[in-house]
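Fit chain A to the known structure of chain L by using the hints.
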Amino acid sequence: MLLPDLSFLVIQFLSGLTTAMFLFLIASGLSLIFGVLRVLNFAHGSLYMLGAYLAYGLVAWFATAPGKFWVAVLGASIGVALIGGIVERTLLRRLYGREAVYQLLFTYALVLIISDVAKLLWGTGQLSVSRPPILGGSVSLFDQVFPRYNIFVIILGPAIALLFWFVLHRTRAGRIIRAAALDREMLGVLGVHVDRLYTAVFMIGAWLAGLGGALVTPVVTIVPGMDVEVIVNAFIVVVIGGLGSFWGALLGALALGQVMSFGILILPRFSLVFVYVLMAVVLVMRPWGLLGKPLRG
Amino acid sequence: MILEVRDLYTAYGLSQVLFGVSLSIGQGEVVSVLGRNGVGKTTTLRSIMGLARPSAGSIRWKGRETVGLAPYEISRLGIGLVPEERRIFADLTVWENLDVARRPAERGEGWTVERVSDLFPALRDLRNRRGGYLSGGEQQMLTIARTLMGNPDLLLLDEPSEGLAPIVVEQLKEQMLRLRGEGIAILLCEQRIQFSLGLSSRAYILEKGRVCYQGTLEELEANEEIGRTYLAV
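Protein sequence lines, in the order shown, are assigned to chains L and A.
Under the working numbering, the letters of the first sequence match residues 1 to 297, in that order.
Under the working numbering, the letters of the second sequence match residues 298 to 530, in that order.
By construction, these hints were calculated from the structure, which means they are not laboratory data.
Virtual Cβ for every residue (Gly too), placed ideally from N, Cα, C.
Take the hints with a grain of salt, since some may be wrong.
[To be verified] Here are some chain A residues pointing at chain L (derived, C-beta under 7 Å): (1) Pro368; (2) Tyr369; (3) Ser372; (4) Arg384; (5) Phe386; (6) Glu393; (7) Asp396; (8) Val397; (9) Ala398; (10) Arg400; (11) Gly447.
Okay, chain L solo, but in the shape it has when bound (with noise of 0.2 Å):
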């Protein structure tokens, strides 16, 4: 195997790190959702495929608005925050006193509804939305060409990351989800609406889904399926960084980028090899992931 030079090499770092910044804002809702909640909400890729399809409908909406893509992203992902809003409310609170079998049967359970409806709505053919002009076109790095859209979408996933961070621990609000995550019933006792708080936390990780879904259609094709494809791989970044860790969601889809991104060039046909091979050894070493902690009770 001849060496590939050093641009490619970049490019290929760039994509792995496109990826990783998807994953990044799959992996975070997910990992929120449980961290507080202790649920694991198998239907989190479901709202992903939501929000992805939501795009699509509003961008063929306003087929000739300008910024309607913008517009899009925004309508598609305030829209999964309700919808996921709707669904805790109603349904999903029902669970939280029973085994944690129930919730994951039950949002399993979702995923079947919300594929169903998917397809109903918006049909089994691939579906794609193209590029902002704004964001158009490509630049030129050592020689290569890397599109713009992933480049924004690179700065995008940091400075989400960021202002997370900010929220989770230079705000109030933040400063209770983070209680919420630690003794529930604690903070009920010093006189915080649990349940409603519980609502907040399950909207804003299924505002992180559709909002990656959104993002993703100019990169690739929406079809039925994608939902299952991208929960697996949130598993295995949650599994890697740490189920309920916040950085640990970035470093694992940091991670799972570039492995899945340089995988591909050294064993084409088989990449996922590395990756069950990465979690493996994080699975045996640390099974609660880098930077988790071991669960309590």
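Then chain A, alone, in the frame of chain L:
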């Protein structure tokens, strides 16, 4: 009386813990509930706070029935629980623990981080320390201070002297006397009588989920037989 508990029956699953507990506290009064481990002191406090659902009986707070309300609602009505296990948010700093519990007072100036730090000066130097890295005494101060941040009119204290060094216990008692001076009512649960002496006026003794004795602290102190029979020494 601001709090009146009548004939309270509470069970955890199939095991009945309280068999008709009745007690009352006046405005600004400090009342002790004494008894050995497992007689129902904690369950009484958890029932008042709404954390355990009584199967029978009534709890009236300022004339209003509170059985069936959620803990956050009871907290907002002015009752604050300081649990025996302290339950500090271990990953949050001392300041963050206090900030999370902050709720504006309905009248008067209310408690602030500044004011609770005056009451517990040790907390001032620890404000950026994580809750999980505090000593037992520091945690006890923080958990009381945290509850005060919600401006309660009644403090439910569950065995605050448990596991603390004698000198820390003395200091804590001084601080509780200052709280009493602020006009906050305190319901104090203890296994021994020592912490209550000089702090509370009246006491109830619990035995097997019932009140088996009530009287003033002086009467109780004079009656050695009751102490031997029902209290830890």
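Consistency of the hints with the structure:
Using the Cβ-Cβ criterion of 7 Å, the hint placing Pro368 (chain A) at the interface with chain L is satisfied: the shortest such distance is roughly 4 Å. At a threshold of 7 Å, the smallest CB-CB gap from Tyr369 (chain A) to chain L is about 5 Å, leaving the interface hint in force. A least Cβ separation of about 4 Å between Ser372 (chain A) and chain L falls short of the 7 Å threshold, and the interface hint therefore holds. For Arg384 (chain A), the shortest C-beta to C-beta distance to chain L is roughly 4 Å, which falls under 7 Å, so the interface hint holds.
Given hint, Phe386 (chain A) at the interface with chain L, holds; its Cβ is 5 Å from that chain's nearest Cβ, closer than 7 Å. For Glu393 (chain A), the interface hint holds, the least distance from its beta-carbon to any beta-carbon of chain L being 5 Å, beneath 7 Å. The interface hint given for Asp396 (chain A) is met, as the beta carbon of that residue sits about 6 Å from the closest beta carbon of chain L, less than 7 Å. Hint status for Val397 (chain A): holds, given a least beta-carbon distance of 5 Å to chain L, under 7 Å.
Of the supplied interface hints, the one on Ala398 (chain A) holds, with its beta-carbon coming within about 4 Å of a beta-carbon of chain L, less than 7 Å. At about 5 Å, the closest approach between the beta carbon of Arg400 (chain A) and any beta carbon in chain L falls short of 7 Å, and the interface hint on this residue holds. Because the beta carbon of Gly447 (chain A) sits about 5 Å from the nearest beta carbon in chain L, less than 7 Å, this interface hint is met.
No hint from the list above goes unmet by this structure.
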